[in-house]
Each structure stands twice: as structure tokens, then as C-alpha cells.
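Chemist: These protein sequence lines are chains E, Z and R, in that order. Read the first sequence against the numbering used here and you will find it ends at 173, with the numbers running on by one and no gaps. Read the second sequence against the numbering used here and you will find it ends at 347, with the numbers running on by one and no gaps. Read the third sequence against the numbering used here and you will find it ends at 133, with the numbers running on by one and no gaps.
Hints are computed from structural coordinates only; laboratory data are not their basis. Don't be surprised by glycine CBs; every beta carbon is placed ideally from N, CA and C. Misleading hints may appear alongside valid ones.
Stated by the list, open to error - Partial list, computed: chain R residues near chain Z (C-beta under 7 angstroms):
| no. | residue |
| --- | --- |
| 1 | G49 |
| 2 | Q51 |
| 3 | G53 |
| 4 | D95 |
| 5 | T99 |
| 6 | W101 |
| 7 | D103 |
| 8 | D129 |
| 9 | A130 |
| 10 | G133 |
As the list claims (entries may be wrong) - Non-contacting residues of chain E with respect to chain R, defined by C-beta distances greater than 12 angstroms in every case (computed):
| no. | residue |
| --- | --- |
| 11 | R7 |
| 12 | T9 |
| 13 | C11 |
| 14 | V13 |
| 15 | T15 |
| 16 | E25 |
| 17 | V28 |
| 18 | L43 |
| 19 | L62 |
| 20 | L70 |
| 21 | V74 |
| 22 | M95 |
| 23 | I111 |
Stated by the list, open to error - Here are some chain R residues pointing at chain E (derived, C-beta under 7 angstroms):
| no. | residue |
| --- | --- |
| 24 | P11 |
| 25 | P13 |
| 26 | D15 |
| 27 | A19 |
| 28 | A20 |
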Amino acid sequence: MPASLGRLTRCAVLTALALALSVAEGLVPLTVIFPLPGLRLGLANLVTVYALCRLSGREALLILAARCLLGSLVGGNLTALAFSLTGGLLALGVMAAALRLPGTSLFGVSIAGAAAHNTGQILAALAVLQTQAPLVYLPPLLLCSLVTGAVTGGISTLLVRRVPAAPFERKSL
Amino acid sequence: MKRWISFLLAFSFLCLAGCGAPTVGDVGTSGQIFAMDTVMNLTLFGERAESALESARTEITRLEQLLSRTREESQISMLNAHAGDGVEISVESDLAGLLAFAKSVHQALPGCFDITIAPVMDAWGFTKDAYRVPGEEELAELLELVNSEDLLVDEQASTARLARSGMELDLGALAKGFAAGRVQAAIQAEGITCAMLDLGGNITALGSKEDGSPWRVAVKNPQDTGTYVGVLSLTDATASTSGGYERYFEEDGVRYHHIIDPKTGAPAQSGLLSVSVISPDPLLADALSTALFVAGEEEALDYWRQSEDFELVLCTQDNRVVVTQGLEESFRFDGEELGYTYEIARR
Amino acid sequence: MRLPAAERRRPGPGDGIIAALVIAAAVVLLLLLRPASGDVLTATVLLDGAQVGQYDLSGVEQSFLLPLEGTAYPVVIELQPGRVRVAESGCPSQDCVHTGWADSPGEQIICLPNRLVISLSGTDHPDFDAVTG
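Could you build the full structure based on these sequences and the hints that come with them?
Modeler: This is the structure we're talking about:
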């Protein structure tokens, strides 16, 4: 079954890449420059954007779920899993919708994704902390997502353009 | 469109930068410094507050290097290392003055204050955060090494030495007060006339508040440090508090605090929970708060009656707050609901 | 399936709309979240001088244990309605645990070995400027 083997391989490679990116990002936290809990560049989102554009929504979802599960096994705990899954799923859904909007580029898609990710995290924090307090962080996080989203948007534009599906044998599908 | 986006980004960056900027203006310029085993919060007012805060930091760093027992290169460590070998150690002139002052407190309140208590402090583990209860024989042996008379200071030559080997100095009982005095001088030299220096609970109020009213300094309730027995109104004065309630450990149900009585080598049991000394001299306030905590209520009030340069707030084990006459107008007692009765001591 | 956004190289009007929506959401939230009453108590957690968290104690409804990250010794702080304390600390001195609950504006809990400061602030200003003790 070369086709499904190819699928499996590319999903695995992308999952590993996403995991590596999120670990790498944890090593150089943005919060050092700007102390805002939950602030990060969202490099792992690049992989989601790429998977949505070049593969399929289903594969993007699989990669995201695997990345969050593995990520919480590697470094975090169950709370971390709840945070990253809520944020990631919301971002995935919003970006899949935004990709279908006319007149929109990957910049807008990434900004929407970053904003959705932050919103998801804050929602998870609301649930975990049982208080409204984390909501205070949402407005500044949303403003920050304009910047982080634009940065990852720029990178993903390059990525999607320069790395077509070819290396992953798109022909076989 | 691209231009529009970049404008948008630049704008949001500006907004974000605004959020992170330090607040200056009527709230003053504040700085937090970790030094001398404590946290210092300095709040300065005036045009040159920023540069004065830098001078204060520099001065505190210099003092820490001078006074620290744990830094090998400090002058105190040099004195300790050469204890008993007869070598005269040259020290900074202000350190020589400080050592002479410590000896004078020792002489004024015999058995209540001794900066050569370090070997006993070490035995209890207070200096190393490895607590234990030393045995009686061990304490008796170590107390032999405790005597400020064997600290020889030559203020003219700016030298000092410890007469017997094994002796050690620890300036913990007056380092913060000394630092407050030096920081005050440093920022006054920069033209600051209005500041609040909080050196780990030793509060030095410089001038009055910007609106001309006195600084208001709450005195912690030693039995529940989230509450306050009262509030002092201070102008150009330091309030320094010693109590056994913050630094302590428990073993076999007994609580051992960190203020060691030089007479017994054990935590002072004087019937007092805390002593706050209010004085224009930060160094005197710091040293006396420790000495009078060890001395106890009666001796503390006797000493106050002979002196002119400080006032007291005492919290006693039998739930009284005793305030000396000079504070009658400037202390607001809030301890009634906390179960304290209020007394004013008169000359 | 062709996705128009994937092939676009330059930002389009849709991007502007998305950015504007995000800003609008932020502004609306900011307006909604402005402290309504003067009875707000906030605990700010500073690690080595940098703010690592801020919690609205007035909004806490039940006791909550929060382990802090990045401290030299493990620290767990406990948030309760209107108060905060260090519940557990791996530091040698335990001074921060001994400090107990902090429940009014201007109070601080300090753990020196961890360079941790938890300070309380509120819109109810305390009637003093500093605390001795």
C-alpha cells in the first residue's frame, strides 16, 4: 500500500517537525521580552497551516492531536495537554474556515489562527482555574497575535510556496 | 495594502510597548533589589530619581561586598579568616566606624547585643539554612568565643582584628540599618528629598510625602503577619522591627527563632514578640531593635528613659502593645480587634 | 481542492478584515473587563523581578493550588477567595511558608531562595505606604 504508507510517513515527519518546533520555541520563550502568560510565537502552527494547505483537514487534525499528546508526554503534564489541545483545535477550525475566505492570504489565516489559539488557551485556563481572572490576559494576547500571526504568516507563505506536495508524492493521491 | 498592514503592526507594537513601560510621575520611581539576604524596595521622588536609584544600587552592591560573611573577598570575611593571628586588617573607614558603633551598643546594653555571636548562629544553622538544636556543652564552648571586647578596632588607623582564633563576626543585626543610612546619604547627594526605603521591613522615610503629609508605616502583628497592630506617621525617620516570628524553625514541637541571646546562646525569651524602634538614625534603629528584643520590656523601657534619640513600639507575649510617649501623637493603635490592649509608657 | 489563500502571495482585503476583527475583539474585551467595583484584590507573582503571573483574588471562587514554574526550589502557591499564601516550598528556610496568608493590598510574601515575590494590590488603597516587621 504505497499510498497509505506515504501518507503515514508524511504525517509522521510533520508531527515530528511540529513537536521539534514547539520544543525549540519553549527554549527561547517570548515571555522573557514581554511578560505575558501564554504568549508564544506559535511556530508549531506553521505545520498546521502547511498541512491544511497541502494535505487535508483530516491529516492536519491527526498531526495536531499527535503533537499535543506527544508534547505533553515529553515535557508537560495533563493540564498542559488541555491547554494545547483546546488552543490547537480552535486554531485549526478557524484557520480551515479562513482559508476558504476570498481575498485572504496566509497572513490573515495565521493571524486568525494565533488569535483563536490564544482564545482557546484562555478558555482552558478559565475552566481549570475556575475564575474569570485569566480573561484579563486575552486582550493583550489578541493584540500580540496580530504580530505573532503576521510573523508565522510570512514564514508559512514561503513554506507553502517553496515546499509543494511533491516531496510527499502527492501524485499518488 | 501591504503598507496598511505594516502600519497596523507598527501601531500595535507601540500599544504593547506602552503597556510595559515603567510608571513614572506621581507614583515615584521604584526599584527592587535582592541583596543582604533580603528584598529591598526603594521608591524615590524627584527629577533625578532614576539616577539616584542607580547610585543607591551601586552603594548597596558595594556594601554587600564589604559586609557579607559568605563572600570570601569581603572585609568581614578577611577579619574572620585572620581571627587570632594578630594581623591588623585594614578596613574601609565607614566599616571601622560601624564596628566601633556595634561595640558601643554592646557596652550600652551588656549581654543584649553582640556581633561576635556568629559561631553560635552557625551552630543553630540560621546562617546556612540547615537548622538544628545544638547541645548545651557545644553552646557553652561556642559562647566562650562570643565577646565584642575581643574585637579590636582602631578608628584612626581604620584597622580591626579579632583577638582570638575561632571568633567570627556577623553584621546581620545592623547591616540593613547601616545600608539604609548609606543609601539615604547617596540619594540625598543626588538632591532627593522625598523617598521611602524599605530594606526588608526596615523602613526609612526620607522627608514627607509629596503632598506634605507624613509617610504612613504599618507595624505588623507578630501573631498574624497579615494584620497590623497600628500605623506610624513618620517624617525623616526610620522604623526598624525585630521579632522572632519570621525566621524560625520547629523541632519536637518547640519553636526556635533566629534572634540569639548572647548570654545563653539560645533564642531570646524576653516576653516580647516584636520590638519596633523609631529613630532619625537608621543604624541606631536597626541595632537597638535587636538589642532591646533580647533585653525585654523592662530593660528596654529603662534604656529608653535614659535616651533621647529613639521611640519604641513593643508587642508583648501577654497581648499588650506598649508605645513610648514620643509616639503618642503619631501612632494610631489598630490592635484592639486583634486582642491587644494599648499602653503608653512615660518617662 | 484549490484553496485561494494558499496561493496568494500578498495580503488581501480579507487579511485586513481579520486583523480588524481581532483588534475589535480585544477592544471590546478590554472595555468589558474594566474593573467595575473598587473591591478588587490582585496578587502579582514576580520571579527575579519579572512578572510571571497575576491573579484576581476577588474572582477566585474556591481554593486552588498552583505550582510555580521556573523556581529554583519547587513552590506551590494557594489561591483562595481574597487571599493567597505559599502552601509548599522546597526552599531551606521556609520563611515564605511561615508568612502565611496575605489578604490585603500592600502585603507581600517573599521567598528569597527562589527570588519570588507575591505582592497584593487593590483598588482599595491601604492607608499606609510601607510595612515594618
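Chemist: A separate judgement is required for each hint: does it hold in the structure or not?
Modeler: To see whether the hints hold, each was checked on the structure:
1. G49: Nearest chain Z Cβ about 6 angstroms off; hint holds.
2. Q51: violated (10 angstroms)
3. G53: Interface hint status for G53 of chain R: violated (16 angstroms vs cutoff 7 angstroms).
4. D95: Nearest chain Z Cβ about 6 angstroms off; hint holds.
5. T99: holds (6 angstroms)
6. W101: holds (5 angstroms)
7. D103: holds (5 angstroms)
8. D129: holds (5 angstroms)
9. A130: holds (5 angstroms)
10. G133: holds (3 angstroms)
11. R7: holds (16 angstroms)
12. T9: Given a closest Cβ separation of 22 angstroms, the condition holds.
13. C11: holds (18 angstroms)
14. V13: The claim holds: V13 of chain E sits with its nearest Cβ about 19 angstroms from chain R, beyond 12 angstroms.
15. T15: holds (21 angstroms)
16. E25: The claim stands: E25 of chain E keeps its Cβ more than 12 angstroms from every Cβ of chain R (closest is about 15 angstroms).
17. V28: V28 of chain E is indeed farther than 12 angstroms from all Cβ atoms of chain R, at 14 angstroms.
18. L43: The assertion about L43 of chain E holds, with a minimum of 19 angstroms to chain R.
19. L62: Given a closest Cβ separation of 18 angstroms, the condition holds.
20. L70: holds (20 angstroms)
21. V74: holds (15 angstroms)
22. M95: violated (9 angstroms)
23. I111: Contrary to the label, I111 of chain E does not stay out of reach of chain R, its closest Cβ about 6 angstroms off (not over 12 angstroms).
24. P11: holds (5 angstroms)
25. P13: holds (5 angstroms)
26. D15: Holds - the Cβ of D15 of chain R comes within 7 angstroms of chain E, reaching about 3 angstroms at its closest.
27. A19: holds (6 angstroms)
28. A20: Given a least distance of 10 angstroms, the restraint on A20 of chain R is violated.
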